[in-house]
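Engineer: What follows is each chain in one-letter form.
Protein chains: 2
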Amino acid sequence: MIESKIINCLLNSNKIAIVSHENPDGDCIGSMLALYLALTKKGKSPRMFLKNNVPKNLSFLPAANKIEIKDEIDEMFDVLVLLDTGELERTGIKNIKSCYKKLVNIDHHVTSEGIGDYYYINSSAAATGEIVYQLVKLMGIDNDKDIATCLYTSIFTDTGGFKYSNTTSVTHQIAGDLINMGINFVYIVNKVFDEMSLSKFNLLKDTLQTLELFEENKIAFLTITKEMFERNNASRDETENIINFAKNIEGVEVAALFIEEDSRIKVSLRSKYYLDVAAISKEFGGGGHPRAAGFSVSNLELNQIKNNLLLRLKSDVK
Amino acid sequence: MIESKIINCLLNSNKIAIVSHENPDGDCIGSMLALYLALTKKGKSPRMFLKNNVPKNLSFLPAANKIEIKDEIDEMFDVLVLLDTGELERTGIKNIKSCYKKLVNIDHHVTSEGIGDYYYINSSAAATGEIVYQLVKLMGIDNDKDIATCLYTSIFTDTGGFKYSNTTSVTHQIAGDLINMGINFVYIVNKVFDEMSLSKFNLLKDTLQTLELFEENKIAFLTITKEMFERNNASRDETENIINFAKNIEGVEVAALFIEEDSRIKVSLRSKYYLDVAAISKEFGGGGHPRAAGFSVSNLELNQIKNNLLLRLKSDVK
Chain B
1 MIESKIINCL LNSNKIAIVS HENPDGDCIG SMLALYLALT KKGKSPRMFL
51 KNNVPKNLSF LPAANKIEIK DEIDEMFDVL VLLDTGELER TGIKNIKSCY
101 KKLVNIDHHV TSEGIGDYYY INSSAAATGE IVYQLVKLMG IDNDKDIATC
151 LYTSIFTDTG GFKYSNTTSV THQIAGDLIN MGINFVYIVN KVFDEMSLSK
201 FNLLKDTLQT LELFEENKIA FLTITKEMFE RNNASRDETE NIINFAKNIE
251 GVEVAALFIE EDSRIKVSLR SKYYLDVAAI SKEFGGGGHP RAAGFSVSNL
301 ELNQIKNNLL LRLKSDVK
Chain U
1 MIESKIINCL LNSNKIAIVS HENPDGDCIG SMLALYLALT KKGKSPRMFL
51 KNNVPKNLSF LPAANKIEIK DEIDEMFDVL VLLDTGELER TGIKNIKSCY
101 KKLVNIDHHV TSEGIGDYYY INSSAAATGE IVYQLVKLMG IDNDKDIATC
151 LYTSIFTDTG GFKYSNTTSV THQIAGDLIN MGINFVYIVN KVFDEMSLSK
201 FNLLKDTLQT LELFEENKIA FLTITKEMFE RNNASRDETE NIINFAKNIE
251 GVEVAALFIE EDSRIKVSLR SKYYLDVAAI SKEFGGGGHP RAAGFSVSNL
301 ELNQIKNNLL LRLKSDVK
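Protein chains in written order, with UniProt numbering: chain B, 1 to 318; chain U, 1 to 318.
In case anyone wonders, no lab produced these hints; they're calculated from the structure.
As the list makes no split between identical chains, a pair holds if one copy fits it or if it spans any two.
25 Å max Cα-Cα, derived PhoX-like pairs, lysine-lysine: (1) K191 - K318; (2) K66 - K102; (3) K56 - K145; (4) K282 - K306; (5) K56 - K66; (6) K145 - K191; (7) K205 - K226; (8) K218 - K56; (9) K163 - K56; (10) K191 - K218; (11) K94 - K15; (12) K163 - K218; (13) K306 - K205; (14) K56 - K272; (15) K191 - K163; (16) K272 - K145; (17) K101 - K5; (18) K66 - K51; (19) K266 - K205; (20) K205 - K191; (21) K272 - K163; (22) K318 - K163; (23) K272 - K205; (24) K137 - K102.
It should be emphasised that the depicted structure is a prediction, and the values quoted were computed from it without experimental measurement.
Using the sequences and the hints, build the whole thing.
Structural biologist: So, in structure tokens, the structure goes:
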């Protein structure tokens, strides 16, 4: 079976590199670290490369500081393991195609076809971490708390905390097994998901005050001005998730968050059930997914942008 | 074993009443409804009584409209089943002690000692719903989507979405089994957890303004006054989860939410890692779990309660 072939390939190789996609998320980091720790336990000395820094909320993970941030790799590896994506280009590492002899690809995305000498694509896995969990088991490694911590992070983040429709009974079974290894999942969840800096709390508090509702509450706007960032000493990445407070209001179909930046206004859009916000964003020069998209405007005042968008949205909400 | 004795007692009784505590939460409603549906499937015609209305976010649950809201029961039942609390007084129903011939008590709270003719208290269960799940299985009922929906709601709410420390591998195993019964857990989670009425949004917005921090941000207080309920046309059950916004702030170990009611002040407590808020609540005449507990005070002003609690908490946070 492919799992054994991959394990044999890895355990019979000397120089192993593990890579994943740019703008890394919890599944990407968690599955990289779990595989790294497992191979290390098997006497290997793998290396990990990413184009972008490990997000702050994931930096507590075991061995996270061993990830090397590079946009070019200047060595040759016996095996390159590509995790959580089916495209080498998505690593963002320039010479990624010329730094390995053999390529192994492990992913769970439905769009992945699998590339390289050995690939294991399982689109019914909720996270790449689920697949790495199986490989770690097959390597005969059990009850390793550090590996379990990384895999739990993978699975928790990619299922939005067991809430997204990709969650299966297998996901829960694995989560239960990882808990039995004695991981501190309360701490993990708090660090990865829940913890809010005081500046983010204050930014959220101020942003909720700006709610505007239109068309019998089907359209909701929230606004963050430059002054609000300054007053709360908050950074741009602390705006994450705030738009959902508008989207989650009963009756709202589409929410927009207007963020005033130095020379432009960034508009994020979320819809609940039917509105294609990717199409609407495209009309305004942006893009995204049908339920989560956005665009930027640099030549108009905030109020003009709001009016233009409102006019456009009004024709689409029923 | 006690499970079989309880099942025999129920299946051999004619008039069965199911009750739970006032201010019902997801575990209370979910486990009541699951037991009701299971007994109905076994040919019984149980009735359900609660002092307070079913919270809006739980009203979509199967058979939720069969719950009778009463503060007095004017009939005699063969068996009364008390769920999710170990004290009859906590039902808030006046003549609760004189309306049954036999009493069955099912609960998972560590403070419960068990009362009545048959009691099954399992404090290692994350939710009363976990215990009812076992009973339903033992009754020979399997693959009932409605019952599974209620039990998933019980477990999801009482573990804060598998995030609280009461979550075990058994919890995850049960969740996986319930998912396999084909429940729409994405819809359940959205209805129960994520969707917010406009009045709740406004109440949240106002409550975040009341944040008070003490002891280098280790202690956080939020307050909801009667005036805030009125201004936002919000109800008591719309306060759920608001306390977590204080708890989740970086550095906070313990959060308190003070809710002004007609004749008393209700205090909810949450701790992050180490503080035993059940023990502290007990000192103030309340109870709960180590990381989630509460108490009520009726003879003191809000500021006095805050001062007393702050004094008590200060000695415990490091």
